[in-house]
Every structure is written in structure tokens, then in C-alpha cells.
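Undergrad: Sequence:
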Amino acid sequence: MTTIAVGSLERSVRRRHPNKDIEQALRYAEAEGWRVEVGGSHAWGRIYCPYDDETCRCGEFCITSIWSTPANATNHARAIRRVVERCSRRADEGES
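The sequence shown maps to residues 4 to 99 in the working numbering.
In case anyone wonders, no lab produced these hints; they're calculated from the structure. Since the structure is predicted, the reported quantities are computational estimates derived from the model, not experimental observations. Check the hints yourself; a few may be wrong.
Said to hold, decoys possible - Below, in silico cross-link-like pairs of lysine to aspartate or glutamate (DMTMM-like), each with a Cα-Cα straight-line distance of 25 Å or less:
#1 23 with 33
#2 23 with 35
#3 23 with 40
#4 23 with 88
Take these sequences, add in the hints, and give me the full structure.
TA: This is the structure we're talking about:
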């Protein structure tokens with residue numbers, strides 16, 4: 004991971020996912036405030052809900068694994084988007 008300094012802001016740049024559909028889904032998640040962490044034992048990385056509190060399904064759906072080589076990358080990308088869109092806190096705030 005690299006860190007880029009732009010003016011007074013500092014932004015870390017994560018490694019790109021090798022599949023373009025999954026990379027687009029990860030960018031969508033980041034745009035919605037989700038944090039993407041690369042690395043792990045079996046997964047390429049994980050995404051974390053920005054709300055991560057007791058009203059957010061007790062953490063059950065607040066963390067989602069991102070696979071590097073899923074059986075069907077298009078379906079995995081759709082599943083990532085679905086997790087972000089169906090976040091219970093997001094629905095409570097009327098954003099869905």
C-alpha cells in the first residue's frame with residue numbers, strides 16, 4: 004500500500020483487485036463509506052461497514068470477505084454491491 008500526500012490531505016491507495024468487476028464493486032463500496040482492507044489468510048481482503056455499531060446487525064454483515072478468484076466473479080461483484088446496498092443502518096437512514 005502506498006500513501007499519497009495531496010496538499011494537506013493524506014490518502015492511502017490500496018492494491019487493485021485483479022478482476023475488473025470486483026474492483027468496480029469495491030470502488031462502489033468505498034464511495035459509500037465502506038473501508039477495504041487487503042490481505043488475510045484465505046481471502047484477498049475484506050470490506051468493513053462504516054457504521055459498525057450494535058444497530059448494524061451485531062457485526063454479522065458488517066464485515067464481508069472479498070475472494071481473489073471466486074468461481075463466478077460477476078456474481079461475487081453483485082454480492083458485494085448487495086451487501087453495501089442492504090446495510091441495515093443505510094436502510095434506517097432512508098438511503099436505499
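Undergrad: Tell me, which hint numbers fail for this structure?
TA: none
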